[in-house]
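Starting from the structure of chain A, add chain B where the hints point.
2 protein chains.
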Amino acid sequence: MKLTTLPKVVEPDPQQLIWKERLNTSFSLNEMHAFLEGSVEESIHTLCLMQEIERDPILQINPDYYELSRDEHREITAKKIKRLAQYMENDEPNFQNFQDRLNLIALIDPQLGTRIGVHLGLFLSAIRGNGTDEQFNYWAFQRGAVYMKDIYGCFSMTEISHGSNVAHLETLAEYKQEKDCFTITTPHIGATKWWIGGAAHSATHTVVFARLIVKGKDYGVKTFVVPIRDSNHDLYPGVSIGDIGEKMGRDGIDNGWIQFSGVEIPREYMLSKFTKVDKDGSVEEPPLEQLAYGALLGGRVTMVTDSWRTGERFITIALRYAVGRRQFTIKGEEIENQLINYPLHQKRLLPYLAWVYGMSIASNQIQKDYKIILQNLDDGVKSGDFGLLTKAIDGLKGLFADSASLKSTCTWITAELIDESRQSCGGHGYSAYAGFGKGYADHVVQCTWEGDNNILAQNSGRITIQKVMQFEKKGNVSGINYQFIKDAKRDEVILSNEDDLKNLETLNLSIKSIIYRISLKCISTLSSNGKNWDTIAKEKLSLSKLYTAEYIMDKWISKISDIKDTGVKKQLINLARLFAISNIDKFGVYFLQHSVISNACYEEMERYTYEVLKSVRDEVIGLTDSFKLSDFFINSVLGNHNGDIYHNYLGTVKNLNDITQTKAPYTSELLSMLNRDSVSSREKNQKSEEILAKLRI
Amino acid sequence: MKLTTLPKVVEPDPQQLIWKERLNTSFSLNEMHAFLEGSVEESIHTLCLMQEIERDPILQINPDYYELSRDEHREITAKKIKRLAQYMENDEPNFQNFQDRLNLIALIDPQLGTRIGVHLGLFLSAIRGNGTDEQFNYWAFQRGAVYMKDIYGCFSMTEISHGSNVAHLETLAEYKQEKDCFTITTPHIGATKWWIGGAAHSATHTVVFARLIVKGKDYGVKTFVVPIRDSNHDLYPGVSIGDIGEKMGRDGIDNGWIQFSGVEIPREYMLSKFTKVDKDGSVEEPPLEQLAYGALLGGRVTMVTDSWRTGERFITIALRYAVGRRQFTIKGEEIENQLINYPLHQKRLLPYLAWVYGMSIASNQIQKDYKIILQNLDDGVKSGDFGLLTKAIDGLKGLFADSASLKSTCTWITAELIDESRQSCGGHGYSAYAGFGKGYADHVVQCTWEGDNNILAQNSGRITIQKVMQFEKKGNVSGINYQFIKDAKRDEVILSNEDDLKNLETLNLSIKSIIYRISLKCISTLSSNGKNWDTIAKEKLSLSKLYTAEYIMDKWISKISDIKDTGVKKQLINLARLFAISNIDKFGVYFLQHSVISNACYEEMERYTYEVLKSVRDEVIGLTDSFKLSDFFINSVLGNHNGDIYHNYLGTVKNLNDITQTKAPYTSELLSMLNRDSVSSREKNQKSEEILAKLRI
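Chains A and B, in that order, are what the protein sequence lines are.
Residue numbering for the first sequence follows the numbering used here, starting at 1 and increasing by one per position.
Residue numbering for the second sequence follows the numbering used here, starting at 1 and increasing by one per position.
Quick caveat, the hints were computed from the structure, so don't treat them as lab data.
Hints should not be assumed to be uniformly reliable.
Which copy is meant is left open, so a pair is good if it fits within one copy or across any two.
What the hints assert, rightly or not - Here are the computed lysine-lysine pairs in the PhoX-like style, where the Cα-Cα straight-line distance is at most 20 Å:
#  : residue 1 : residue 2
1  : Lys614    : Lys331
2  : Lys555    : Lys368
3  : Lys8      : Lys215
4  : Lys8      : Lys176
5  : Lys538    : Lys586
6  : Lys538    : Lys614
7  : Lys586    : Lys545
8  : Lys684    : Lys694
9  : Lys586    : Lys347
10 : Lys684    : Lys564
11 : Lys273    : Lys531
12 : Lys559    : Lys570
13 : Lys382    : Lys276
14 : Lys663    : Lys82
15 : Lys502    : Lys569
16 : Lys347    : Lys538
17 : Lys502    : Lys555
18 : Lys331    : Lys694
19 : Lys79     : Lys663
Just so you know, these numbers come straight off a predicted model, no measurement behind them.
The following block holds chain A by itself, in its conformation from the complex (with noise of 0.2 Å):
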């Protein structure tokens, strides 16, 4: 709503500074959105789900979303999982179409994508992977779980004193051969089930990760599902379940805790697709039990889509306020310049929009990689053919790597990236209305949940190292993600002057280079120090950072190629450049050490950076305009595609704050406070002179 401005004084111009850039865009915003999603039908398939998720009535998000109550929260998160199972009856049989809608409604309002995502993503998908066919036919189908019918599940994995080492969990269960069934116990604090999403008020039934005990040996962690709740919702004897309450963000799941005490559960809910226990108690055991530990992974591969919108979010926002934003004059100019026009402005968030692009390269491409390794799986165990299903193992773990090292990274360059999104917004980026505050609470969670990321990191750097391991002995290496480790080139410096910093392909080497070159340290600082890995361990935290900016470049570079679109091509290259140059400067100390580039090099890369930079933010309109996030998606009074910054802004904080209520329920305390009287009154003069004197001896 635009306001009454007096004569003779010049109102601020957002609007009129982001259109005009706007006009200006270079490129293809159609063919810009292909690239991000992957193709041209994607990037319809997307804009329609958007479109019908943000009509739709009962899904609606608004600014007052960031002001409601652990309470109200949870109350409409209940209200749009009702909604959301008439959208699942209806995309059935293509549960694709409902996982694609719901990774979008993981943009806007996280808490509910995990909702359903626990549900789904790990509660059905445990009985997947770990449970008969027959056994995930009547959880998933007859019962109606698929659906959200008859059954909500929950995910009964970590406990108070355990996250990481699922193999130490301590809940037991132990098998009752009298009455031929597992009775479930929670045997001190220490085992009580902590953080189970969906716990505390929602889920019939769980699965539990419990330590499967059979005459008295301990066969290790396995899933068994538990009901927890009847169809009238009342807990079951024995179960004892409490709310977890608040946390830092995503209020609207009720995460709580589980203590059983001796719940009996039939023989037959112990899910049995590796582990079998027979009725007189004998165990059969799994040939291949890293199969059992899958239900993570595709939660993991999600958690990169979903910090690639999240980026596109939050880079938007900030992007957009930089060029609206004037603040400060530069010499000889008598306007204010606009906040992206600083060179410094440009360093702190370009290169996270670079980061953007190369996250959707990722998670195009970690989410074919899944499915097809999926598939491989589940044709592998049911043709029994043991070569199919060892192929299908080492794609398993070939994923298991892969996430490991993009999971870890990407979530935490968005967390970043929120974090320096809402700084670069200066005070208002504080606003609860501009996102950035309820955004990072509610992302942050994943850098650590679904296998913390320091650990996720460790991983991979471990086996990136045992890659170079293998090549050094066998002058091979297997996975087709490691393959690059053949063409990282040992001695030479890479990179010496500028003609290199403006090849991709000399870039990406020098990253394979610099990766190949750390392992090598790691191993002869392992095969000095008697193989002890944790004193490498920010080596390979480092290693695995890279890992992620190999695969991107890696990706990039050969999608590049196919691009026919001149200026989208130009644009692709420019972002792939500053992707490659902010992550050498990132590891820059690995880089001189290691020679992989010159220090001459390095300094004439700090001069290059800020062309690059330049030439970024000159379409920066454009490339943020390339996500299609319309203001629904968007949900900041700073991020608004018109542009009108302060009129939003203004408008919004009048709607949802009264003005007419100009005094607050306090305001009694403070008059009251500012109203009072003297001191010396209101102790009644108790240490007045002429009352000491009358005390006085």
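Below, chain B without anything else, positioned relative to chain A:
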């Protein structure tokens, strides 16, 4: 509350672990606390204030603090303000005592600290700094603002379209000679006062930053006292105020926006220590304009103290948890390893512990300087002695430079510290009751307000470069804290072997030297690019951070030499080493590029770092107990002194979330979803073959 454990299982033992390490502490906590607080007297003083605060019935803080809604925060905060007004009267005339009290309150309830900080530190400081003695005396003492009586002030500086660029604010204060008054006007939306703490519902008066216009001439931004609410808390006509609503954190503060529509104030309400306007409209301009902008410096100084104390609080939580928490076994061990034993965990957290110690030194020093400089200024202005005044202004300039670097560096470090501490506690760090979520959200605004960190760091970096220019030109340099430039050797490698890494003087020299060499490099860039300071923005940022590192190391080394207690001394040397090394590592590219450290020594440093980490690790319980923060000040389920993490955590969750309420208010939503009819029945079989056959032509 200890709970029942079944036999034959081993429950977690965090209490035992923490107590065992506590009992092995090798140094005196009292001595260490005295070091941290600056002296034995200060140590006692702080502890007495803490006791008083934690016992006060109104000032209570509990885990439910993390659950409060905005309205609840506001109301409780108002009650606490009222309570603190009594302490103000009680502390009089020792206002320093009240300030110390307020700094401690800010640790547990930052919003409350700010509420009073805005009134005292901004509103009243502005009157003190910019008003005449008579003006200050009237508003502060005669009216009672200094006791929060009669007057509650806010500080109307920032506008919706101007924050950092104060000189460009657009609110108008036009002198109307015929009525001998100023008219305060918000000419357009961009000049709307925004983020004004206390404006939405509390303040009776405000200091307004507005452009002084007399007879059509614009004299730039000056300050005016403007009454906004009467003694009944009704807004004056022409004053429009609204709540800016929900924020990322600190919702107990009623930040508001203000628009003035021709509000008249008497000429005498202009703060006239420097600029004066006569009845006839003649304007006397200030001889020393820089004195007029001192109001924010106190806030910056306080933020150094606040960063230190906040750092103490959160690193204590993370380190107690790291000692008490076990996860994963290491080779050859049966029982799981404590988190703190992992080198990566040490590397993630212990440099921040060193920073906390460093920040205590910085805080003590800059607080001392601040008091002296303020006194000198007062003396200078009162005496009218130009020599005295010039000296005081030099001090002010030095304080401006120091506080720019220290405020920005320390608030950033503390933000990182909170976030890394949270992540280091895994999933449990995400619980609101751990304290990190609100702690982070409340803290990070310090990186933005009262001087955006990036802008302050640019200022600081620029000053350093100018000082080096001065030294290069004249062989001399002004400013007590820039004398180090003289010592900074230029060309040699300073760190070349392990002995160098152990020597605090040498480590410090390497930091001085890198500052020198980066500055020289910048000077050469500036001379070749036509003095474009923007292109060396990154270097300025680094210089600012390195300046703080040098500032701290310098004082740290001299303090260590004063210490008698050998136990304490040993710890402080270790921590100082870690502090220096982690700073060198952070800026490793510069150190290598400029050959301040040799390649070989850099490698040596990586190994040596783990040695230093290990020796700090061995005393982490003692080194955090030394902060003497009671559980009241820690307010985290993960960080209690007793170490009984899991019982504390479950106990709090059960207290705050009634477990007898097994059904949520939204249960009916979920039940109606779970127990719904089939799709075909809900749509009355309208897609069945039977129906479709009827419809077929």
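task = Of all the hints given earlier, name the ones this structure violates by number, lowest first.
result = Hint check: 10, 11 and 18 fail, others pass.
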